[in-house]
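2 protein chains.
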Amino acid sequence: MVLRTLSKFFNPKSVAIIGASHTKGKIGYAILENFVKGHFKGKVYPVNPDTSPILGLTVYSSVKAIPGKVDLAVVVVPAIVVPKVLKECVAKRIEAVIVVSGGFSETGERGRKLEEELKKIIRGTKTRLLGVNGLGVYDPVTDVDTIFNPRSRLSRPPAGTVGFISQSGAVGATILDWLAEEGIGISKFISYENATDINECDCLEYLGMDRKTKVIALFIEGVKDGKRFIKIAKKVSRKKPIVVLKGGKTKAGAKAAASHTGALAGSAAVYSAVFKQTGAIEARNWSELFDYAKAFSQPLPKGNRIAIITNGGGFGVLAADECERQGLQLPEPSAKLKRIFNKNFPAYASLRNPIDLTGDATAERYRIALEACLASKEYDGAIVIALFQIPTLEPEVTDVLIGLKKYKKPVICCSAGGRYSKKLSKRLEAGGIPVYLTPTQAVKAMAALVRYHKWLRR
Amino acid sequence: MVLRTLSKFFNPKSVAIIGASHTKGKIGYAILENFVKGHFKGKVYPVNPDTSPILGLTVYSSVKAIPGKVDLAVVVVPAIVVPKVLKECVAKRIEAVIVVSGGFSETGERGRKLEEELKKIIRGTKTRLLGVNGLGVYDPVTDVDTIFNPRSRLSRPPAGTVGFISQSGAVGATILDWLAEEGIGISKFISYENATDINECDCLEYLGMDRKTKVIALFIEGVKDGKRFIKIAKKVSRKKPIVVLKGGKTKAGAKAAASHTGALAGSAAVYSAVFKQTGAIEARNWSELFDYAKAFSQPLPKGNRIAIITNGGGFGVLAADECERQGLQLPEPSAKLKRIFNKNFPAYASLRNPIDLTGDATAERYRIALEACLASKEYDGAIVIALFQIPTLEPEVTDVLIGLKKYKKPVICCSAGGRYSKKLSKRLEAGGIPVYLTPTQAVKAMAALVRYHKWLRR
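Chains as they are written, first to last, in the working numbering: chain A, 1 to 458; chain B, 1 to 458.
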């Protein structure tokens, strides 16, 4: 039932923006602009008591005044007016309503009562509410985009396979921006904030069934129904990985969460235990949520035996440190592999593991080392440290790395640096290789893959 | 004595590049190119048995053949030839020699003996050796630059106050590239790798006395003389902060370090204890080394009472979580401060701490909140989460933040996102405000300042 409605949020044929503004810079203008200037194909109805046109569109005094059917309403009016507007949406039989407005339970008792009123208004109706206090949704294919951050300030990622559910609009939106920066695509984005009606479980269930979504990234401050969460998370985890970041894990954080989404944050240990049990991969901060989500573009490693191939000794050391912390094994190459390496590499290369191709490494050395390791039964995956800045390394090393897909083992890359490195990193990302700025991030991402595979095989 | 010689590495009037190459893409070409195409003012002597000119310069068959005095020699010949070349440098009375060539103790017993030979050659002479197996030095003012990564691939940071000592060329060089990307300046860069002669203690002592250096970032895999390190680190820490990252803290990492620089990595716990005792701020990974080093541009906080000002509730929650983990206090604003906020902010703003200016925050709200907090005696510093992507936030908020210097309290900013955010972040960095991509990084950076101040006042 929720699933049917949720799909309406992403595929509406007509959208009403209630509180559409005439003033550039206002939230009600920014949202309308997304629908007008993007490639959204449906009808768009701005609603405002002042019915002078906005962006060339006819403005309606209320949803009641809109002639045709409305599939989705986006509400951006002051909190105190929301109940009235919501009643009109119900009367108009709008099934999908996003309330962007804040000023509800997150602000205290009066707001809590106002939010309760909203729940009552939709009870027993076909209207479902996303928000309040949230950004709503973004779908790169239909271009339904209720994110009020203008595209000139916050880039939207292309179509891809990461489904993203965030209780915080800010956490969600900034990750979208970052994904776009790195050229990584998403399937759908949902910001549900106060979870007045639709909550994390509904969203999780929905993206669990969504064919375009191959991995789900989830930011939550609290879960309203623990039992349902466990049931759904377990079910979804069996089909696709869930990466989850829980905000409000400390006392100070929980207090902040109460002021933010009104969430009861609950015990940190309980949450971690729940995630472990359900197979959800826990991220411990914003960066890990992003880092892990993109790692799951890789095949899962069948074990924890990892080869580190590097052209910077110090980076090899740091990666090795992190491997040990994360429980990844670094077996030395067999005599057979070493023979291949000895034949092809200079004497000063280090053939243990990390395999250090040294500061005059070439794309060919990377190819030989990686193909030998990945073709062998000695390793379940490879962490490639490619410092593109060395003079001898041809930029075509990116083709070598992208060409490793045939081995069906995870390849994760670390490339630290500035402009030139980023250019080549983007090429790798576009070719399906996740790239990280630091060895710590790359190793943790590999460890996340290992953890998930282990859970699946438990 | 070492100090006098070390200054020769950064201020030579003449440089010999021994092993200068005719072939673009070779290391011996790249280093020479730095001196020829940069703004280095001294004389440059390429040395190569093939004396046809390189880059328009006369080439000498050996250092002996160079007519004038040579202050600095950079050696990039195969390991086996290094002893012969080094003897010639000694004979030529060159006091500063950088050996970039690898193939010594990091490769095993034969290499170790070769390296011992080098030590013997310079013993009792005025010649001091930096390296072997290292990148050498970079000074943005004199433009002495022996880093073999071409500038088109690895950007050099401008002149600034971070002094950087790295046992790993790769770790060092990539941080330079990253610093350049963010527009953060350095005073001097030293990559000493195998520490054949000059070691981390010499470098630390030197940068401790260097007036341009306000903070020292140090990457080490091992320390050769623990007692001396403690003595010098303590002395330097009293004058300026040292941020240190130790590679090879695990078994796997220590094994990798042995193959890399031949360092005996030693016990992780001992190193951490030593750092604590000497006031050195320990970074746990590449990113923290960079993050902490740039934070020390800020005044030190007199205590641990921090105000978090945010326009994204979820980011406030994550920052609050990390504050508690890092032992930072988040006191609620006093009634007096709350009166100011109530008068100026909408009812849905959250006035506890984090102070959430919400998703329609303006530069003016940031100004009011930050000036009130920093002028009060209630807070020792501020963490500003500025999500520039919201439509209402004027880009001039950067001026507001830069203008907070007058309060002489640390201000650290978190700004997550893509292109637009990065543009404004760079503006902040140029104005002296350190900016971090994630709330975790920003909070940890503030905690590093608090830790150092506490050590100074112990």
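One should not assume that every hint holds.
Same chains, same label: a pair holds when it works inside one copy or across any pair of copies.
As the list claims (entries may be wrong) - Taking lysine-lysine and the BS3-like style, the derived pairs with C-alpha atoms no more than 25 Å apart in a straight line are:
| hint | residue 1 | residue 2 |
| --- | --- | --- |
| 1 | K422 | K126 |
| 2 | K426 | K408 |
| 3 | K423 | K235 |
| 4 | K336 | K255 |
| 5 | K69 | K422 |
| 6 | K41 | K426 |
| 7 | K24 | K422 |
| 8 | K37 | K423 |
| 9 | K120 | K240 |
| 10 | K251 | K408 |
| 11 | K26 | K343 |
| 12 | K234 | K69 |
| 13 | K87 | K41 |
| 14 | K255 | K338 |
| 15 | K454 | K302 |
| 16 | K251 | K235 |
| 17 | K119 | K343 |
| 18 | K343 | K227 |
| 19 | K26 | K126 |
| 20 | K408 | K41 |
| 21 | K239 | K69 |
| 22 | K87 | K24 |
| 23 | K406 | K113 |
| 24 | K276 | K87 |
| 25 | K302 | K37 |
| 26 | K377 | K92 |
The set of hints was computed from the structure by calculation and includes no laboratory data.
* Structure-inconsistent hints, enumerated in ascending order -> Violated hints: 1, 3, 5, 6, 9, 10, 12, 13, 16, 17, 18, 19, 20, 21, 22, 23, 24, 25 and 26; rest satisfied.
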